[in-house]
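Asker: Add chain E to chain H, keeping to what the hints say.
Protein chains: 2
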Amino acid sequence: MKHINYKDIPPIQMENDQVKHVAGRLLIGKEDGASNFTMRCFEMGPGGHTPRHTHEWEHEVFVHQGHGQVLLDDTWHDMSPGSVVFVPGNVEHQFRNPTDSTLTFLCLIPSGPPEL
Amino acid sequence: MKHINYKDIPPIQMENDQVKHVAGRLLIGKEDGASNFTMRCFEMGPGGHTPRHTHEWEHEVFVHQGHGQVLLDDTWHDMSPGSVVFVPGNVEHQFRNPTDSTLTFLCLIPSGPPEL
Numbered sequence: 004m005k006h007i008n009y010k011d012i013p014p015i016q017m018e019n020d021q022v023k024h025v026a027g028r029l030l031i032g033k034e035d036g037a038s039n040f041t042m043r044c045f046e047m048g049p050g051g052h053t054p055r056h057t058h059e060w061e062h063e064v065f066v067h068q069g070h071g072q073v074l075l076d077d078t079w080h081d082m083s084p085g086s087v088v089f090v091p092g093n094v095e096h097q098f099r100n101p102t103d104s105t106l107t108f109l110c111l112i113p114s115g116p117p118e119l
Numbered sequence: 004m005k006h007i008n009y010k011d012i013p014p015i016q017m018e019n020d021q022v023k024h025v026a027g028r029l030l031i032g033k034e035d036g037a038s039n040f041t042m043r044c045f046e047m048g049p050g051g052h053t054p055r056h057t058h059e060w061e062h063e064v065f066v067h068q069g070h071g072q073v074l075l076d077d078t079w080h081d082m083s084p085g086s087v088v089f090v091p092g093n094v095e096h097q098f099r100n101p102t103d104s105t106l107t108f109l110c111l112i113p114s115g116p117p118e119l
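Listed in order, the protein sequences are those of chains H and E. For what it's worth, the numbering used here labels the leading residue of the first sequence as 4, then goes sequentially. For what it's worth, the numbering used here labels the leading residue of the second sequence as 4, then goes sequentially.
Just so you know, not all the hints are guaranteed correct.
It does not matter which identical chain is used: a pair holds within one copy or between any two.
[Said to hold, decoys possible] Dumping the calculated DSBU-like pairs for lysine-lysine here, alpha-carbon to alpha-carbon at most 35 Å: (1) LYS23 x LYS10; (2) LYS5 x LYS23; (3) LYS33 x LYS23; (4) LYS33 x LYS10; (5) LYS5 x LYS33.
If you are wondering where the hints come from, they were derived from the structure by calculation, not from laboratory data. Please read all numbers here as calculations on a predicted model, not as lab measurements.
Bound-form chain H, shown alone (with noise of 0.2 Å):
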């Protein structure tokens, strides 16, 4: 059992070659029981994104604050607020945000692979 807020959770930054501007947060996983599936939560500030990558496992993705855009299929698409977005495994994509303002967005995946 566990009601919090997501903000209460300390960001985990993420800077690499592949990842700019990114602050993960694992919401929900298996410290918490939850043995289905994974709630993780992305800040992505302004100019940042996510690896351009494919792997096995789906993302189900849900834009809580902010615009962002997603790749897939070769196509960039707009995302704002209320967005959904499935990936399914093995299709390359990528998160970016072109905007001045921050981009928040629930991405969440089955148990397995690394939680964050």
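Answerer: Chain E in isolation, oriented as in the chain H frame:
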């Protein structure tokens, strides 16, 4: 692959002895190829509530907009935008909206139970 806004999906109104003023939307499910877990969104009007019930599967909840409350372990906990709730399987729970505006929250479940 799917990219929509949740508001583009027609809501299904839910009204019976146990459920009041709730509209549900299946955002990502089996028809999309999501075989591990299911994303649903619920809008709950003022005075609305879900059943007080227990079932084997878990809920992973995120509040997108509005305020409400969740019953866990016989205690009501406040929810606001950004609230995260994990309801493990077999834990009695209920959601309600004692405010005068709409509560909008995601509630994800593992695949298997009815999707909505």
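Asker: None of the hints should be skipped; say for each whether it holds.
Answerer: Now the hints, each set against the structure:
1. Both within a single protomer and between protomers do LYS23 and LYS10 lie at most 35 Å apart by alpha-carbon distance, with minima of 20 Å and 30 Å respectively.
2. For the homomeric pair LYS5 and LYS23, the shortest alpha-carbon distances inside one copy (30 Å) and between copies (25 Å) are both at most 35 Å.
3. When the C-alpha separation of LYS33 and LYS23 is checked against a cutoff of 35 Å, the pair qualifies both within a copy, at 27 Å, and between copies, at 33 Å.
4. In this homomeric assembly, LYS33 and LYS10 come within 35 Å of each other (Cα to Cα) both inside a single copy, at 19 Å, and across copies, at 31 Å.
5. For the identical chains of this complex, LYS5 and LYS33 are neighbours both inside a copy (12 Å) and across copies (27 Å), given an alpha-carbon limit of 35 Å.
Checked against the numbered hints above, the structure breaks none of them.
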